[in-house]
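All chains, full assembly: derive it from the sequences and hints.
To convert, note that position 104 of the sequence shown is 104 in full-length UniProt numbering; the numbers rise steadily by one, no gaps.
There may be inaccurate statements among the hints.
EDC-like mimics (lysine to aspartate or glutamate), calculated; alpha carbons at most 16 angstroms apart, straight line [as the list claims (entries may be wrong)]:
#, residue 1, residue 2
1, 98, 114
2, 99, 74
3, 98, 77
Simulated restraints, written as ranges between beta carbons of each label pair [stated by the list, open to error]:
#, residue 1, residue 2, range
4, 128, 31, 39 to 45 angstroms
5, 111, 66, 17 to 23 angstroms
6, 131, 108, 43 to 49 angstroms
7, 133, 71, 40 to 46 angstroms
8, 74, 24, 22 to 28 angstroms
Since the hints were derived computationally from the structure, they do not count as laboratory data.
Even for Gly, the Cβ is constructed at its ideal location relative to N, Cα and C.
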Amino acid sequence: ILWQPVGVVGAITPWNFPLAMITRKVAPALASGCTVVVKPSELTPLTALAAAELSIQAGIPPGAVNVVMGDASDIGDALLASPQVRKITFTGSTAVGKKLMAGAAATVKKVSFELGGNAPCIIFDDADLDVALKGTVRTE
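Now the structure itself:
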């Protein structure tokens, strides 16, 4: 088994829990020896900039964590087209995940996605099934 960094990671993060979503994507990439390009939600760009600044203050070398802001589709296309970007990680809608998956296939990028509509639940034997069913159906 050969363990080595995959290369530059493109991390596309959602608006909800912006710092948590950024750290969940950036920390494993850095721990693996990869640099990261973060494309935050257009609703939370300052959180991403603050996280990048904090990473430098924490001793992460400048340039290891990078933030790009702008049109989501244009940036996504640029990350997909770049031969330097070897992995895409994304949290968001299934529709966008499908587009990213198709684009990543063209350059055989590694991907990891957390897509909408995937919400597992556990229903115990002693649960009120009518209540559990109503709660489960409302969950996305």
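Checklist entry - Against the structure shown, which of the earlier numbered hints fail to hold, in ascending order? => result Those not satisfied: there are none.
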